[in-house]
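Protein chains in written order, with the working numbering: chain A, 1 to 112; chain B, 1001 to 1112.
For the record, the hints were derived by calculation from the structure and aren't laboratory data. There could be a bad hint or two in this list.
As the list claims (entries may be wrong) - Below, a sample of chain B positions facing chain A; criterion: calculated Cβ distance under 8 Å: (1) Tyr1033; (2) Pro1041; (3) Met1045; (4) Phe1091; (5) Gly1096; (6) Gln1104.
We treat Cβ as the ideally placed atom computed from N, Cα and C, and that holds for glycine.
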Amino acid sequence: SQTIHQWPATLVQPVGSPLSLECTVEGTSNPNLYWYRQAAGRGLQLLFYSVGIGQISSEVPQNLSASRPQDRQFILSSKKLLLSDSGFYLCAWSQDGQRGYTFGSGTRLTVV
Amino acid sequence: AQTVTQSQPEMSVQEAETVTLSCTYDTSESDYYLFWYKQPPSRQMILVIRQEAYKQQNATENRFSVNFQKAAKSFSLKISDSQLGDAAMYFCACAGAQKLVFGQGTRLTINP
Chain A
1 SQTIHQWPAT LVQPVGSPLS LECTVEGTSN PNLYWYRQAA GRGLQLLFYS VGIGQISSEV
61 PQNLSASRPQ DRQFILSSKK LLLSDSGFYL CAWSQDGQRG YTFGSGTRLT VV
Chain B
1001 AQTVTQSQPE MSVQEAETVT LSCTYDTSES DYYLFWYKQP PSRQMILVIR QEAYKQQNAT
1061 ENRFSVNFQK AAKSFSLKIS DSQLGDAAMY FCACAGAQKL VFGQGTRLTI NP
């Protein structure tokens, strides 16, 4: 069966520090991978998605970047965090981008 | 591109009663899927129900059913026999062209 792992679960980082959140999927190959951010009490905003290794689509220009160094690995990064980067970050995967999406357990990021 | 609108930020219902959550969407895709996700306080995203746009028959999953009106681009969720465990944020979402776009969510409270 397929599983998705996302870590860390909680992160507190100072303003100006770098960020690296990792997401991996097991039990499938060539998945579509997604990063979402959720502000408190709000909906999920799509940040980046990838349909293959090295292929990254950015939905919202911002202080973040994404990379896909391996087929089932998706990384969200920042060189210098801003206070506005605080939020709940969710990774997700889909086999075809339509029929079904499975989400990781999320990372709660607080920038102080 | 897709947009999803949930016009009810909050809803409440008495335990064992029926409640309907509203959702409208817009998409330029001819082939798309619609979803309702539940997010409890743990913030895990849980798939409630899925509807293929090419199917006229409304999807049903136990106490959960949808009213899919394709021409009106409406996709409401009906929860029958509401239970305390149904209390959560509910998100409507539309998947097309490789990505899943969410509405802003409806917070559902169940009154005992």
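**Request:** With a cut-off of 8 Å on the beta carbons, see whether B/Gly1096 makes it to chain A.
**Result:** holds (7 Å)
**Message:** Would the hint on B/Tyr1033 be counted as holding, given a Cβ-Cβ threshold of 8 Å to chain A?
**Reply:** holds (5 Å)
**Prompt:** Taking the closest Cβ pair, is B/Met1045 under 8 Å from chain A?
**Reply:** For B/Met1045, the interface hint holds, since the closest Cβ of chain A sits about 4 Å away, which is under 8 Å.
**Asked** Would the hint on B/Phe1091 stand, with a C-beta cut-off of 8 Å toward chain A?
**Response** Nearest chain A Cβ about 6 Å off; hint holds.
**Prompt:** Is the interface hint for B/Pro1041 satisfied, with its Cβ closer than 8 Å to some Cβ of chain A?
**Reply:** violated (12 Å)
**Asked** Hint check: is the beta carbon of B/Gln1104 less than 8 Å from a beta carbon of chain A?
**Response** Cβ of B/Gln1104 sits 4 Å from chain A, so the hint holds.
Violation of the numbered hints given earlier is confined to hint 2; every other hint is satisfied by the structure.
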